[in-house]
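Here the protein sequences come in this chain order: A and B.
Numbers given in our numbering equal positions in the first sequence, counted from 1, plus 130.
Numbers given in our numbering equal positions in the second sequence, counted from 1, plus 3.
Any given hint might turn out to be false.
[Said to hold, decoys possible] Covered stretches of chain B (in silico footprint by chain A; criterion: 3 or more residues with CB under 8 Å from a CB of chain A, positions within the stretch not fixed):
| hint | segment |
| --- | --- |
| 1 | 6–14 |
| 2 | 20–26 |
| 3 | 43–57 |
| 4 | 66–76 |
[Unchecked claim] Derived pair list, reagent style SDA-like, types lysine to any residue, alpha-carbon separation capped at 25 Å:
| hint | chain 1 | residue 1 | chain 2 | residue 2 |
| --- | --- | --- | --- | --- |
| 5 | A | Lys600 | B | Cys146 |
| 6 | A | Lys339 | B | Glu39 |
| 7 | A | Lys339 | A | Asp469 |
| 8 | A | Lys699 | A | Lys339 |
| 9 | A | Lys600 | B | Asp67 |
| 10 | A | Lys339 | B | Thr41 |
| 11 | A | Lys600 | B | Glu68 |
| 12 | A | Lys339 | B | Glu34 |
Please keep in mind that the hints were generated in silico from the structure rather than gathered at the bench.
Where is the CB? At the ideal position from N, CA and C, for every residue including glycine.
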Amino acid sequence: MIPALGEVALWIALPISIWGCVLAFLGGRWSRGDLVLSGERSTFAVTALLSIAALGVVVAFMGDQFQYWYVYNYSSTNLHPYYKFSGLWAGQRGSLLFWGLNLSLFSSLALWMNRSRNRDLMPYVNGVLLAFLAFFISISLFVTPPFEQLGFTPTDGRGLNPQLQNYWMTIHPPTMYLGFTSFTVPFAFAMSALMVGRLDARWIQATRKWILTSWFFLSLAVIFGMRWAYEELGWGGYWFWDPVENASLLPWLVATAFLHSVMIQESTGMLKVWNMGLVVLTFLMTIFATFLTRSGLIESVHSFAQNLTIAWIFLGCLGVTGGVALVLIIWRLPLLSSDRQFESMLSRESAFLLNNLVLLGVAFAVTWGTLFPLITEGLTGSKVSVGPPFFNQVNIPIGLILLALMGIGPVIAWRRASPRNLRRNFLFPCAVFLGILTILFSVGVRHFYALLTFSLGAFVLTVIVVEFWKGTRARARIEEENSFTAFVHLIRRNRRRWGGYIVHVGVVIMFMGFAGTAYDREVRQSMVPGETLTIQSPFGYEYALTYQGLSTTLVPSMRQAIALFTVQKDGVDIGSITTERQLVLAVNPPQPISQVGVRSTLVEDLYLILATVDDAVLLGSNDPQFQRATFQVLVNPLVPWIWYGGLILATGALIGLWPGAGAPTRSARMGSRGGASTGTGAPGVGPNGEASSTDLSTSVSATVG
Amino acid sequence: MSAIIPGVLLALAAVFLVLHPILTGREASMEWDKEELTEAQHRRNVALLALRDVEYDFHAGKLDERDYRAMKQEISSEALDAIDEEEAEWHARGVEGVELAVPGASEGLEAEIAALRASIREGIVCPQCGHPNPRGSRFCGDCGSALPARTGATESVAGGS
Numbered sequence: 131m132i133p134a135l136g137e138v139a140l141w142i143a144l145p146i147s148i149w150g151c152v153l154a155f156l157g158g159r160w161s162r163g164d165l166v167l168s169g170e171r172s173t174f175a176v177t178a179l180l181s182i183a184a185l186g187v188v189v190a191f192m193g194d195q196f197q198y199w200y201v202y203n204y205s206s207t208n209l210h211p212y213y214k215f216s217g218l219w220a221g222q223r224g225s226l227l228f229w230g231l232n233l234s235l236f237s238s239l240a241l242w243m244n245r246s247r248n249r250d251l252m253p254y255v256n257g258v259l260l261a262f263l264a265f266f267i268s269i270s271l272f273v274t275p276p277f278e279q280l281g282f283t284p285t286d287g288r289g290l291n292p293q294l295q296n297y298w299m300t301i302h303p304p305t306m307y308l309g310f311t312s313f314t315v316p317f318a319f320a321m322s323a324l325m326v327g328r329l330d331a332r333w334i335q336a337t338r339k340w341i342l343t344s345w346f347f348l349s350l351a352v353i354f355g356m357r358w359a360y361e362e363l364g365w366g367g368y369w370f371w372d373p374v375e376n377a378s379l380l381p382w383l384v385a386t387a388f389l390h391s392v393m394i395q396e397s398t399g400m401l402k403v404w405n406m407g408l409v410v411l412t413f414l415m416t417i418f419a420t421f422l423t424r425s426g427l428i429e430s431v432h433s434f435a436q437n438l439t440i441a442w443i444f445l446g447c448l449g450v451t452g453g454v455a456l457v458l459i460i461w462r463l464p465l466l467s468s469d470r471q472f473e474s475m476l477s478r479e480s481a482f483l484l485n486n487l488v489l490l491g492v493a494f495a496v497t498w499g500t501l502f503p504l505i506t507e508g509l510t511g512s513k514v515s516v517g518p519p520f521f522n523q524v525n526i527p528i529g530l531i532l533l534a535l536m537g538i539g540p541v542i543a544w545r546r547a548s549p550r551n552l553r554r555n556f557l558f559p560c561a562v563f564l565g566i567l568t569i570l571f572s573v574g575v576r577h578f579y580a581l582l583t584f585s586l587g588a589f590v591l592t593v594i595v596v597e598f599w600k601g602t603r604a605r606a607r608i609e610e611e612n613s614f615t616a617f618v619h620l621i622r623r624n625r626r627r628w629g630g631y632i633v634h635v636g637v638v639i640m641f642m643g644f645a646g647t648a649y650d651r652e653v654r655q656s657m658v659p660g661e662t663l664t665i666q667s668p669f670g671y672e673y674a675l676t677y678q679g680l681s682t683t684l685v686p687s688m689r690q691a692i693a694l695f696t697v698q699k700d701g702v703d704i705g706s707i708t709t710e711r712q713l714v715l716a717v718n719p720p721q722p723i724s725q726v727g728v729r730s731t732l733v734e735d736l737y738l739i740l741a742t743v744d745d746a747v748l749l750g751s752n753d754p755q756f757q758r759a760t761f762q763v764l765v766n767p768l769v770p771w772i773w774y775g776g777l778i779l780a781t782g783a784l785i786g787l788w789p790g791a792g793a794p795t796r797s798a799r800m801g802s803r804g805g806a807s808t809g810t811g812a813p814g815v816g817p818n819g820e821a822s823s824t825d826l827s828t829s830v831s832a833t834v835g
Numbered sequence: 004m005s006a007i008i009p010g011v012l013l014a015l016a017a018v019f020l021v022l023h024p025i026l027t028g029r030e031a032s033m034e035w036d037k038e039e040l041t042e043a044q045h046r047r048n049v050a051l052l053a054l055r056d057v058e059y060d061f062h063a064g065k066l067d068e069r070d071y072r073a074m075k076q077e078i079s080s081e082a083l084d085a086i087d088e089e090e091a092e093w094h095a096r097g098v099e100g101v102e103l104a105v106p107g108a109s110e111g112l113e114a115e116i117a118a119l120r121a122s123i124r125e126g127i128v129c130p131q132c133g134h135p136n137p138r139g140s141r142f143c144g145d146c147g148s149a150l151p152a153r154t155g156a157t158e159s160v161a162g163g164s
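Construct the entire structure; sequences and hints are all you get.
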């Protein structure tokens, strides 16, 4: 019954969302509080209805209700409940509903958080959000109906794609959806600010944490995707410049640019059009990513079946949204003029602007490389593919510029910096840069990009450590705190600045992890049990892997061959490692998948792939003559750093996101009023201003945040 | 089939929830909220934040003393402008006696504002560095330069609002 009720709920949600959208705009236009309230309640109602619809899908999956097309195609009786639950986003039909559900939850959250704030903006914000909700609900009802029935009830389903039967399936896609959908909220605020014409800094304030939240989820999702690919797809790498990987990177790149340039607008009132453009572009990129993934137009590991209807619908959405945003921006251009001019080319503002241009450069290159095959095919009919060499060739140098900027930015003062101070501040980091460069060169690192990445990375880390050290020292001296307390307080008092630096540390570590690729080692060998294969680590160890044999498992749903190796590192036993190959019969046609074996240390991964195995083994033969198999062994230096870096990045983002010391309560303010009105001295700004000015930052960040 | 009755109930509940405000005249707030920052308050916060950044940059050795003084004066004057404007906003709303209860501000900021405000009214803003000094000061508490007579100094920095 619940799936049936879910379908009804989805149908009810459509008129409610349209009604709410119209009333929200009318209520805003006519300043009618009752219409506005009705519009807001529509959003809450739609959230409840979509929750029931999603529950319906989940119940249908859990209860093996194969009369539903969607359940039949993405599940089977023997599927683990874990993956039955994730059936909600396993296929096109469920994932668009899930998308709508996430969007409705974020919309409701935004309305609730602004129930007594930004009231002049909220009707339009709500209107925009409901328009997109209506869009997704319509697609769910008319194009990709999750509740469509087959007309009969098969005894079993076709099963879930075995490659999706991985624990990352329950983590990576939802994180991506959270990142994508939450970006609708800042976009809605931007549109609302344009419609109302209230283009002062307040809409930026209202959306800052939202954008950081989206960015946080997008970052995590991209990293999770890399990890999943690394563990599951078995080509030895984590990033293949696959169109859908690229698509997920695009909004991240533009959002990163925005997170930097918005600081300039906040502090100086410049770049208003630019920032508005970046918010719109980021949002368009999320739709573009959806278009690429859902249309199946470009071949990808994420291949959803090709669906031209969906392709046209999302393309239309992209066009209409972009067009409306453009018209609104042009209409409001007079209100978007800068409050001032750039004071100096040598300032943090210009470093940020350069960072923006570089990030957008990467975004452009990635978009071009992703779309080029599609465009070429459209024009000439011939298929071309743009592979990793193009992306690496273009993006590695740009990435290095970005890395250098991460070190330069923090050292340059706001507004205008003097060359003399720059020289003084850069002296030590530059010395570290040259020192590391020399050391690495002398130990034999000759790969140009790797050499530069490690040295620049050391330069950036030095700059950041010095920043922390100077800040802590100043605070410890003035507040008479011990270093640890001073350090913690320093971060707490200006979370965005210090959280941002921690994110930079994460990015640097990740970049070093990427650079490790230059020293990947690979051996491919056909072996029989008892044979030993050796591989050199770039760090000088030698791994010896002895093939012990294959064991096979036969169950009705699959054939599985597991190869066991014992591993020695420089002659010392360090344990065993297994790698498997499966032929999944539960899907039609049967699909082979591999499970790689990974042994991780702090600095490198030993990565083992069972590349080919005799068909007889998968047919169930345990005859020793069929035990010969081909293995691919890789030593991937520094790959673990990517995950450590990701962890640091997420920590930094969380520090920036963490709710402020709290919006002060009314009583706290009443208390402080008395205190302040008697305080006619000048407590804030003085040579020891660092202390009180950091106090200031708490209150201001609580306010602004 | 079994879903018909719950479905109808669900539809009725949704319609009731959505129509209720229009039928009963309940309204969502359309008003500016007392808790919310006004544009002037926001500008003031931004100026004070910039002041903090400039100070940090100076103490971290990224700024020359001369630039630091100049910028501090510039930003202080921006903050003072914003505070003036903010006061005007409060008066325009007819709100009296809550001048210092700035929404969203806590003690550090309140004190800062109080200091700046006091220096506008009765104290002296240093023409060299923009540092607000208490009434009667003859030398700047920050940069140590001699302070001129009260009125002139105040106008030179706080003027233009």
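Can you name, in rising order, the numbers of the hints this structure does not satisfy?
When the structure is compared with the hints, only number 8 turns out to be violated.
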